[in-house]
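Asker: Each chain, written out:
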Amino acid sequence: MAFKQIIDSKKLTALFAVLMLAGSNTLMAQATAAAQAEKPGVNWLSVGFYVLLFFIACISIAIIGKVLKVYDLSQQIQGKKGIQWNNIMAILCLVFLVGGLAGAYWDFTEHGTKTLPAAASEHGVKIDAMFLTTSIITMFVAVVTQILLFTFLFKYKHSDKRRAYFLPHNNTIEKVWTIIPAVVLTVLVIFGFFTWQEVENSAEVQGKPAINIDITGKQFAWDLRYAGADGKLGKKNFKLVVGSNKMGLDFQDKNGLDDITADTLVLPVNKTIRLNIFALDVIHSVYMPHFRVQQNAVPGLPTFFKFTPTYTTEEMRAKTENPAFEYTLYCNKICGASHYNMQKVVRVVTEGEYNQWIAKQKLYLTPALRTELKLAAADQNQGITQQQLALNN
Amino acid sequence: MSTLSVHDHGVAHHEDGHEHHHDTFLTKYVFSQDHKMIAKQFLITGITMAVIAMILSILFRIQLAYPDQAFPLMETLLGRFAPEGRLDPEFYLSLVTIHGTIMVFFVLTAGLSGTFSNLLIPLQIGARDMASPFLNMLSYWFFLTACVIMLSSFFIQKGPAGPGWTIYPPLSALPQAMKGSGLGMTLWLISMTLFVASSLMGGINYVSTVLNMRTKGMDLWKMPLTIWAFFLTAILGVLSFPVLVAGVVLLIFDRSFGTSFYLSDIVVAGQVMPFEGGSPILFQHLFWFLGHPEVYIVIMPAMGISSEVMSVNARKPIFGYHAMVYSLIGITVLSFIVWGHHMFITGMNPFLGGVFMITTLIIAVPSAVKTFNWLATLWRGNIRFTPAMLFAIGMVSFFISGGITGIFLGNAALDINLHDTYFVVAHFHLVMGSAAIFGMLAGVYHWFPKMFGRMMDEKLGYLHFWLTFIGAYLVFFPMHFMGLDGVPRRYYAMTEFPAFNQWMSVNLFITWAAIMSAVAQVAFLFNFVHSIFWGKEATQNPWESNTLEWTTPVERLHGNWPGEIPSVYRWPYDYSKPGAEEDYILQTTPLSQTMSSNLPHDFEDNPAGLEAHTKWVNAQKTNEEVK
Chain Y
1 MAFKQIIDSK
11 KLTALFAVLM
21 LAGSNTLMAQ
31 ATAAAQAEKP
41 GVNWLSVGFY
51 VLLFFIACIS
61 IAIIGKVLKV
71 YDLSQQIQGK
81 KGIQWNNIMA
91 ILCLVFLVGG
101 LAGAYWDFTE
111 HGTKTLPAAA
121 SEHGVKIDAM
131 FLTTSIITMF
141 VAVVTQILLF
151 TFLFKYKHSD
161 KRRAYFLPHN
171 NTIEKVWTII
181 PAVVLTVLVI
191 FGFFTWQEVE
201 NSAEVQGKPA
211 INIDITGKQF
221 AWDLRYAGAD
231 GKLGKKNFKL
241 VVGSNKMGLD
251 FQDKNGLDDI
261 TADTLVLPVN
271 KTIRLNIFAL
281 DVIHSVYMPH
291 FRVQQNAVPG
301 LPTFFKFTPT
311 YTTEEMRAKT
321 ENPAFEYTLY
331 CNKICGASHY
341 NMQKVVRVVT
351 EGEYNQWIAK
361 QKLYLTPALR
371 TELKLAAADQ
381 NQGITQQQLA
391 LNN
Chain B
1 MSTLSVHDHG
11 VAHHEDGHEH
21 HHDTFLTKYV
31 FSQDHKMIAK
41 QFLITGITMA
51 VIAMILSILF
61 RIQLAYPDQA
71 FPLMETLLGR
81 FAPEGRLDPE
91 FYLSLVTIHG
101 TIMVFFVLTA
111 GLSGTFSNLL
121 IPLQIGARDM
131 ASPFLNMLSY
141 WFFLTACVIM
151 LSSFFIQKGP
161 AGPGWTIYPP
171 LSALPQAMKG
181 SGLGMTLWLI
191 SMTLFVASSL
201 MGGINYVSTV
211 LNMRTKGMDL
221 WKMPLTIWAF
231 FLTAILGVLS
241 FPVLVAGVVL
251 LIFDRSFGTS
261 FYLSDIVVAG
271 QVMPFEGGSP
281 ILFQHLFWFL
291 GHPEVYIVIM
301 PAMGISSEVM
311 SVNARKPIFG
321 YHAMVYSLIG
331 ITVLSFIVWG
341 HHMFITGMNP
351 FLGGVFMITT
361 LIIAVPSAVK
371 TFNWLATLWR
381 GNIRFTPAML
391 FAIGMVSFFI
401 SGGITGIFLG
411 NAALDINLHD
421 TYFVVAHFHL
431 VMGSAAIFGM
441 LAGVYHWFPK
451 MFGRMMDEKL
461 GYLHFWLTFI
471 GAYLVFFPMH
481 FMGLDGVPRR
491 YYAMTEFPAF
501 NQWMSVNLFI
511 TWAAIMSAVA
521 QVAFLFNFVH
531 SIFWGKEATQ
541 NPWESNTLEW
551 TTPVERLHGN
561 WPGEIPSVYR
571 WPYDYSKPGA
581 EEDYILQTTP
591 LSQTMSSNLP
601 HDFEDNPAGL
611 EAHTKWVNAQ
621 KTNEEVK
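Residue numbers (the numbering used here), protein chains in the order written: chain Y, 1 to 393; chain B, 1 to 627.
Since the hints were derived computationally from the structure, they do not count as laboratory data.
Virtual Cβ for every residue (Gly too), placed ideally from N, Cα, C.
Misleading hints may appear alongside valid ones.
[As the list claims (entries may be wrong)] Listed below are the simulated EDC-like cross-link pairs for lysine to aspartate or glutamate, each with C-alpha atoms no more than 20 Å apart in a straight line:
no.	chain 1	residue 1	chain 2	residue 2
1	Y	Lys69	B	Glu581
2	B	Lys536	Y	Asp258
3	Y	Lys69	B	Glu458
4	Y	Lys235	B	Asp605
5	Y	Lys81	B	Glu276
6	Y	Lys239	B	Glu537
7	Y	Lys161	B	Glu581
8	Y	Lys161	B	Glu582
9	B	Lys459	Y	Asp72
[Unchecked claim] Restraint ranges, calculated between C-beta atoms of paired labels, are given here:
no.	chain 1	residue 1	chain 2	residue 2	range
10	B	Ile156	Y	Lys155	55 to 61 Å
11	Y	Trp357	B	Gln502	27 to 33 Å
12	B	Ile515	Y	Thr133	34 to 40 Å
13	B	Leu77	Y	Ile211	50 to 56 Å
14	B	Phe155	Y	Tyr50	49 to 55 Å
15	Y	Ile180	B	Ile156	50 to 56 Å
16	B	Thr495	Y	Lys175	50 to 56 Å
17	Y	Thr320	B	Pro350	40 to 46 Å
18	Y	Lys69	B	Glu582	46 to 52 Å
19	B	Phe155	Y	Lys232	51 to 57 Å
20	Y	Lys161	B	Ser592	45 to 51 Å
21	B	Phe155	Y	Thr133	23 to 29 Å
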């Protein structure tokens with residue numbers, strides 16, 4: 001039992017405590033010293049401390065292992081059974097089940113409550129309902145199967161006295177647990193399919209025209225364009241993109257002359273918004289989780305998403321009891337170095353506020369761009385004349 | 001089907017030549033054509049790659065936990081990739097990319113299928129080696145070359161590929177868009193092409209070996225579930241991997257030769273590019289046509305291994321053997337028509353999204369059947385907790401926890417808000433990451449005696465299991481809630497969003513849980529290496545298992561069996577059969593030797609046998625009456 005004495009030895013414990021204390025102390029001292037230095041170098045002492053801790057952990061495990069082995073052997077010599085590892089594992093399974101369920105419950109209460117607030121859009125409510133149904137069904141199945149798994153492990157742990165029950169198959173029960181999941185999934189599929197159809201349905205509703213807003217993703221910002229007084233957005237062509245015409249508007253199309261740019265995505269509440277989504281360089285993704293909106297922005301493939309916000313930012317601030325609350329739009333498809341900071345504030349306001357706001361926004365066609373484009377327009381006219389000449393010949 | 005399996009092994013002595021030739025170190029350990037050695041090569045390379053990928057994950061987890069803190073040590077280790085002791089944001093993306101690539105392809109495809117298909121297919125079906133040992137050797141060397149090329153990208157100026165393991169163009173096609181799309185991406189594409197070549201050579205070999213080289217009596221319905229799983233996995237790989245090569249080759253064309261397969265209407269870094277008419281969605285279709293079967297390529301061998309290990313250690317036949325096989329077949333077939341569920345919101349036609357949603361949720365049915373069958377296998381078993389058994393159980397637990405969230409993500413309507421968030425990260429790390437790794441570890445602990453002739457230490461195995469099992473849950477469970485709050489994956493830092501401040505403590509917690517799980521792997525690595533040289537010597541059949549590999553001698557001969565290859569008379573799951581002497585009956589034991597435990601069911605296609613059985617039963621009855 002020499003090992004036991006080593007373990008029990010107070011000297012060793014004291015030594016360990018001193019080591020920890022000294023280590024932490026030196027680390028603290030180092031930390032303060034490092035704070036004073038201009039550029040900290042590698043704190044090798046700290047690295048060494050952690051390496052040492054790791055080795056101590058390894059050695060302790062080795063010692064514990066040896067002690068257990070010695071104990072086990074001495075028991076066997078005395079004609080006793082020794083350590084019943086199989087039973088210990090069975091008990092650990094049960095402990096894990098209880099601890100796991102408790103931990104999962106705690107996590108649901110602690111972090112589950114920190115998730116997104118209820119949807120702030122019309123279609124989002126349907127998605128939330130779908131989510132709730134799916135959660136209830138799947139959580140039930142998950143909890144029941146995990147409980148069965150770990151209780152079976154505990155209950156049917158090995159015993160020399162009995163044999164396992166020879167049960168190669170049972171067609172009835174197999175049919176039951178094929179058909180039940182199939183039925184449940186069919187329900188979920190049908191529910192989900194119709195929700196999806198409703199969300200993605202692109203048909204214009206009569207008498208309820210959507211507000212058209214263009215959003216263009218590029219590394220690493222979003223550009224916005226609202227339709228002007230005519231309510232129509234002008235055409236674009238990526239070949240026309242230059243510094244001053246960053247979306248590449250084609251002013252051959254007169255609809256574009258009164259288009260408006262903005263820095264913040266301001267939306268009127270309870271109006272259908274049609275977000276036309278573009279990307280200039282790589283794939284980005286327009287993600288507005290509060291509205292349950294997400295759609296990739298793909299270069300060369302214009303996409304769109306139609307939704308109706310139902311709460312203004314002010315209402316949402318009151319609902320979430322967070323005076324700093326803002327809706328945000330951010331990129332959710334890996335797009336490069338600053339992917340993690342490609343965001344836009346979204347503000348939902350009343351219709352009156354929206355009209356006031358939009359009246360104050362600047363035209364896309366700035367005077368500088370206009371002078372630049374006059375040249376371009378002249379060039380194009382020249383081109384046309386040349387073509388006509390060619391035809392005449 | 002059974003006609004395929006009739007071979008004459010009476011002439012087994014032509015193998016004599018093998019016993020006389022002398023192996024040099026080079027032919028025995030390096031350019032070996034023995035399936036067992038190739039399996040070990042795959043395993044050790046796979047474990048090495050797994051350790052590298054794990055270290056990468058710890059690096060980016062540290063960044064997520066301490067976004068504002070500098071670690072001078074990182075600069076010492078990583079140089080220009082971590083200036084001032086902080087990870088470079090582009091290098092962060094490279095870490096994420098290479099971690100994903102290594103884990104999915106190099107560890108869980110090659111490391112898992114490569115190891116256990118190679119080891120177990122010949123041993124469990126009763127063959128002396130693979131159908132083509134030379135192709136098998138080539139398969140390993142292509143794999144190793146792919147590994148070396150992938151890792152070499154850490155030593156180039158701009159660093160490894162960085163557009164995520166899914167390498168969606170245009171990001172991966174435009175070197176101007178990020179550093180990780182430069183030379184690193186080229187190396188990634190070359191490495192992956194070699195990898196696919198390797199995996200095809202392996203796959204073709206596995207399929208032909210299973211179909212043509214089964215021993216006498218080993219019809220398809222007598223194969224262990226491991227073999228079924230490897231067989232179907234190989235078919236999946238052979239049919240889907242070439243599509244990835246097609247996608248990759250077109251990407252190489254777009255990158256290097258100015259074609260526009262995936263590119264159109266692009267203005268990058270202020271420069272209008274000449275590409276027109278391509279579609280980035282096309283790449284996604286090609287990628288996920290492999291990519292989705294790939295996750296089943298990863299999980300099916302783990303399922304097969306777990307089924308086998310659980311049956312052996314519960315001392316009970318696997319419940320519903322036929323249902324298990326049919327569900328594997330169902331998964332194999334369905335996995336080809338679900339790829340679109342990765343693309344619900346990428347701009348694919350929403351109608352198509354609806355169709356893919358239906359097929360996706362259907363695939364949950366065979367998965368559910370498998371889970372219930374595993375539970376039924378444990379029910380009223382006589383369970384021995386070997387480390388392998390614990391890992392197999394862990395696999396089932398992860399498969400349940402992670403599979404459940406697949407029902408959310410497979411639903412197009414719910415995917416709108418969950419796509420590319422931490423919810424997805426949590427889902428696939430549980431269901432294909434942790435579950436498949438646990439399946440692999442179960443296999444390592446279980447067949448270690450077959451590979452190295454020695455046993456691994458049980459206690460260290462227990463320690464390894466519990467730390468890893470608990471650690472993995474601690475890491476991935478809280479991530480679900482981050483995803484439900486709309487926290488996106490592949491973000492270098494959460495600091496730019498005030499709303500995400502509430503997750504800082506969770507990030508810290510996850511990182512420390514990940515470090516704990518990583519440190520726990522030291523227990524495994526030590527155990528693995530130590531046991532190879534100094535482990536307790538194994539007996540021939542240490543787990544009292546039924547399958548053929550345990551009838552080979554401990555010494556692991558080239559050619560597997562010293563004499564004739566044994567014939568097979570029964571299915572592999574006759575555990576705890578009532579009336580039998582032991583609680584296991586080897587597949588090589590003829591029914592005529594186990595009269596007391598035979599059931600009428602054992603003679604389904606054998607009327608003569610059934611007659612003999614009935615006669616014997618009647619004789620027994622009359623005997624008893626006489627007494």
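Asker: The structure should be examined with respect to each hint, and the outcome stated for every one.
Answerer: Do the hints match the structure? See the list:
1. Y:Lys69 x B:Glu581: violated (33 Å)
2. B:Lys536 x Y:Asp258: violated (83 Å)
3. Y:Lys69 x B:Glu458: Holds. Y:Lys69 to B:Glu458 sits at ~12 Å (cutoff 20 Å).
4. Y:Lys235 x B:Asp605: Not satisfied, since the Cα-Cα distance of roughly 73 Å exceeds 20 Å.
5. Y:Lys81 x B:Glu276: violated (77 Å)
6. Y:Lys239 x B:Glu537: Status violated; Cα separation ~72 Å.
7. Y:Lys161 x B:Glu581: It holds: about 14 Å lies between the C-alpha atoms, which stays within 20 Å.
8. Y:Lys161 x B:Glu582: holds (13 Å)
9. B:Lys459 x Y:Asp72: Since the Cα atoms of B:Lys459 and Y:Asp72 sit roughly 12 Å apart, the hinted pair holds (cutoff 20 Å).
10. B:Ile156 x Y:Lys155: 55 to 61 Å: holds (57 Å)
11. Y:Trp357 x B:Gln502: 27 to 33 Å: holds (30 Å)
12. B:Ile515 x Y:Thr133: 34 to 40 Å: Hint holds: Cβ distance 38 Å, inside 34 to 40 Å.
13. B:Leu77 x Y:Ile211: 50 to 56 Å: holds (53 Å)
14. B:Phe155 x Y:Tyr50: 49 to 55 Å: Violated, since B:Phe155 and Y:Tyr50 (Cβ atoms, about 27 Å apart) do not stay within the stated range.
15. Y:Ile180 x B:Ile156: 50 to 56 Å: holds (54 Å)
16. B:Thr495 x Y:Lys175: 50 to 56 Å: Once the Cβ atoms are compared, 54 Å apart, the range 50 to 56 Å for Y:Lys175 and B:Thr495 holds.
17. Y:Thr320 x B:Pro350: 40 to 46 Å: For Y:Thr320 and B:Pro350 the Cβ distance comes to about 31 Å; the hint is violated.
18. Y:Lys69 x B:Glu582: 46 to 52 Å: violated (29 Å)
19. B:Phe155 x Y:Lys232: 51 to 57 Å: holds (55 Å)
20. Y:Lys161 x B:Ser592: 45 to 51 Å: violated (30 Å)
21. B:Phe155 x Y:Thr133: 23 to 29 Å: This hint is violated: roughly 52 Å between Cβ atoms.
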